[in-house]
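As numbered in mature numbering (1 follows the signal peptide of the UniProt record, and there is no 0), residues -36 to -1, 1 to 680 make up the sequence shown, in order.
Just so you know, the hints here were simulated from the structure itself, not pulled from any lab data.
With a straight-line cut-off of 30 angstroms between C-alpha atoms, the simulated DSSO-like cross-links for lysine-lysine are:
| hint | residue 1 | residue 2 |
| --- | --- | --- |
| 1 | Lys190 | Lys288 |
| 2 | Lys239 | Lys288 |
| 3 | Lys239 | Lys443 |
| 4 | Lys50 | Lys425 |
| 5 | Lys239 | Lys174 |
| 6 | Lys288 | Lys174 |
| 7 | Lys626 | Lys518 |
| 8 | Lys87 | Lys50 |
| 9 | Lys50 | Lys134 |
| 10 | Lys425 | Lys87 |
| 11 | Lys174 | Lys190 |
| 12 | Lys190 | Lys425 |
| 13 | Lys598 | Lys540 |
| 14 | Lys518 | Lys313 |
| 15 | Lys626 | Lys490 |
| 16 | Lys87 | Lys3 |
| 17 | Lys425 | Lys239 |
| 18 | Lys134 | Lys425 |
| 19 | Lys602 | Lys540 |
| 20 | Lys490 | Lys288 |
| 21 | Lys190 | Lys443 |
| 22 | Lys239 | Lys134 |
| 23 | Lys239 | Lys190 |
| 24 | Lys425 | Lys443 |
| 25 | Lys313 | Lys443 |
| 26 | Lys190 | Lys134 |
| 27 | Lys598 | Lys626 |
| 28 | Lys540 | Lys626 |
| 29 | Lys443 | Lys288 |
| 30 | Lys134 | Lys443 |
| 31 | Lys174 | Lys425 |
FRET-style restraints, in silico, Cβ to Cβ:
| hint | residue 1 | residue 2 | range |
| --- | --- | --- | --- |
| 32 | Arg279 | Ser186 | 29 to 35 angstroms |
| 33 | Asp542 | Ser317 | 50 to 56 angstroms |
| 34 | Lys239 | Arg585 | 45 to 51 angstroms |
| 35 | Ser456 | Gln609 | 53 to 59 angstroms |
| 36 | Thr283 | Thr544 | 53 to 59 angstroms |
No residue lacks a Cβ here, since even glycine has one placed at the ideal position from N, Cα and C.
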Amino acid sequence: MTRPLPPHRTIRAVLALTLVAAAGLLGLAGAEPATAAQKVTVSLSTMTPTVATSSSQELTMTGNVTIPSGSTHTDVIVQLAYAAVKHRSEMTDTPNDSNDQPLYSVQDQLGTLSSGSHAWSLKTSVGAMGLTPGTVYALDVQVYSGGDPIGVMRTYLPYEIASASAATTKLTVLAPVTATSSADGYEEASSGNASYPELTQDTLASEMGKNGSLYELLEAGSQLPKGTISWVLDPDLLDTAMQISGGYVVARGGTATDDVGPDSSNATAWLAEAKTVLGSTDGELWQLPSTDPDLGSLSNATTAQAEQFLSEAARESATGTTVKSVVGRDAQGLLAWPADGQVNSTTLKLADSIDPAAVVVDSNSIGLSVPNQEYTPTGRASANGKSDLAVGDTALDAIMSGDSADAGYVSNGSDSSLLAGQRLLAQTALISLEEPNLARSVMMTLPRNATTSAADMGVLKVLQSASWVSSAGLSSLLKESADSSASTGTPSRSSSFASTDLTGSQLSSAISLQSQLTLYQSILTKSDTTTAGLADAVLRTVSNSWRGNAAGWKTFESAVSSRLTSQTALVYLIPKSDLTLSGTSGSIPFTIVNHLSQDVRLGLTVETSPSGLNVTQIPARTFPAGGSTTVEVKVSTKVASSTYQVTAFLVTASGAHYGTAKSGGLQSLQVTVTSIGFVALLLFAGSAALLVFAVGLRIYRGRKGSRSEPETREGD
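Throw the hints in and build the complete structure from the sequences for me.
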């Protein structure tokens, strides 16, 4: 609707419009456009109260109006307007004059403003605004110049809901404790007896420092009322913290190692904080599969390949003791939590393979709804035959990720925590007002970004003033049944989210590393710390922490590949020269070297080309650590005077080829079989002996005959 103006402003507006029209009709040379058409930005800095509780309360709002460079605005007025919000869907609306109730008595007249930032302030009472208890209001701060609207921003104010008007909503908040662990599975020996784990980037220790995001996340969570947070921990993060607490080295460029340790203070301090906060019974503790594998990206691989990563990650979580030893208590169960709760049918099937206590999904991703969107259903659902879904509310999750509806105001200088807090209060109030006295449990999830989650902890403090919300742990939500009136659609992941998956090339590299690791582990007679470190490093290549960090992932993957390749190459065949066999049978010696610190079990498979050369294969046997062993491969043929190409492969007990030509896993040589057999060789040797004897006899007789002739007389 058209906003009525006070008499003095009406006259001024009419004059302004008349002058503009005259200028246009007369075509005045050099006439400039009206400055009122140029927009300004409006920001909100403070607001009290955050929840209206009585008509006598004074509402105070402050902020700034920013005039663009080179602009000037006259008769600038900041004015307050409001509109009742009836449904959660209206929370996505932008300010709309037609729905607003203007408060002409609540203004701040700023006069003429030039470019720059200018403070404004609005004050009124809840009673003077005519607000009604049990209602959520949108508050619009509007800016006019000469009667023309030039800027606006919106926030929300809920009015206290009487306990008889709505049932209390139980709210579960999941907070992930995850970060990028770039430990590549290698340990660098120092000049002494100690060795340090190698990282490919030096960020984790900083994040664990008292000014780092991981430390601040735990610290902020500890300031909230008891039971507000259900923590979800990646146990690999604790493992890495334990490793680097004694120092570490950083591999730059994938292979070169620069010693920067020991630097244990940050990791040590964070582990102490984790013990205090995560070990407290004030909040629930759950865990992810070790290294927090990216279910969304893995859904693009084959089922067998994806399940190999997931089963190993789940096994690490199930058998690991770090959580209990560090925080002092066991996690309550294992959760499958795809990034942002985005799932499709394949993702849900993969999640089911690790038998989690629950799968955390996004409500929009599974299409959770009730007829006509009459109310918000409880955050439990079934989809694709899965009944263990814990459903995060999309709109609530968006607030914690930095709601796009408020993003523009934040970029204009508004307090992001203030806007998020008011939006959270409004959303939860509207949930409680839906279908009054219908009790329900809903869930919201914080993002995996520790910096954002730490800031969100401050936002959650506003819930202390929300009588319509009570905190509940995840275990409480999991006891609830799915709403019988609610339905789900075909699970799907948003295209914008799927575009951030690991690429096909990245997945192929990770799968190749997993295959190489499995092959390496198959020849070992016992596991050791080196093997465990490499196994963890390979799992980290498909972690959620790499989403959006392609450069960091590439550096890490290259380092893991280099370390794993150098380790597997410590078992190899010594190169052989071509060989000639005198006869139709014989043996070929092959030497197997094992430079590992433990025995290995391998066999030797020999192939020949063309056919006709029979070879005896060497079955799998144990080769001792730290030495070399020669084995004899028996060969025979019925065809003399032939040449064969012989290739020997190191193989595992199951017959899989171990290593490559480059790493010494196979050796080729040319074997020539002569036409001289054993009997022919004896005849040749006998003939040669007779010939030597005959020649010797002839020489002997010749010399004897010359000595028996009569002497020649002198002069003859």
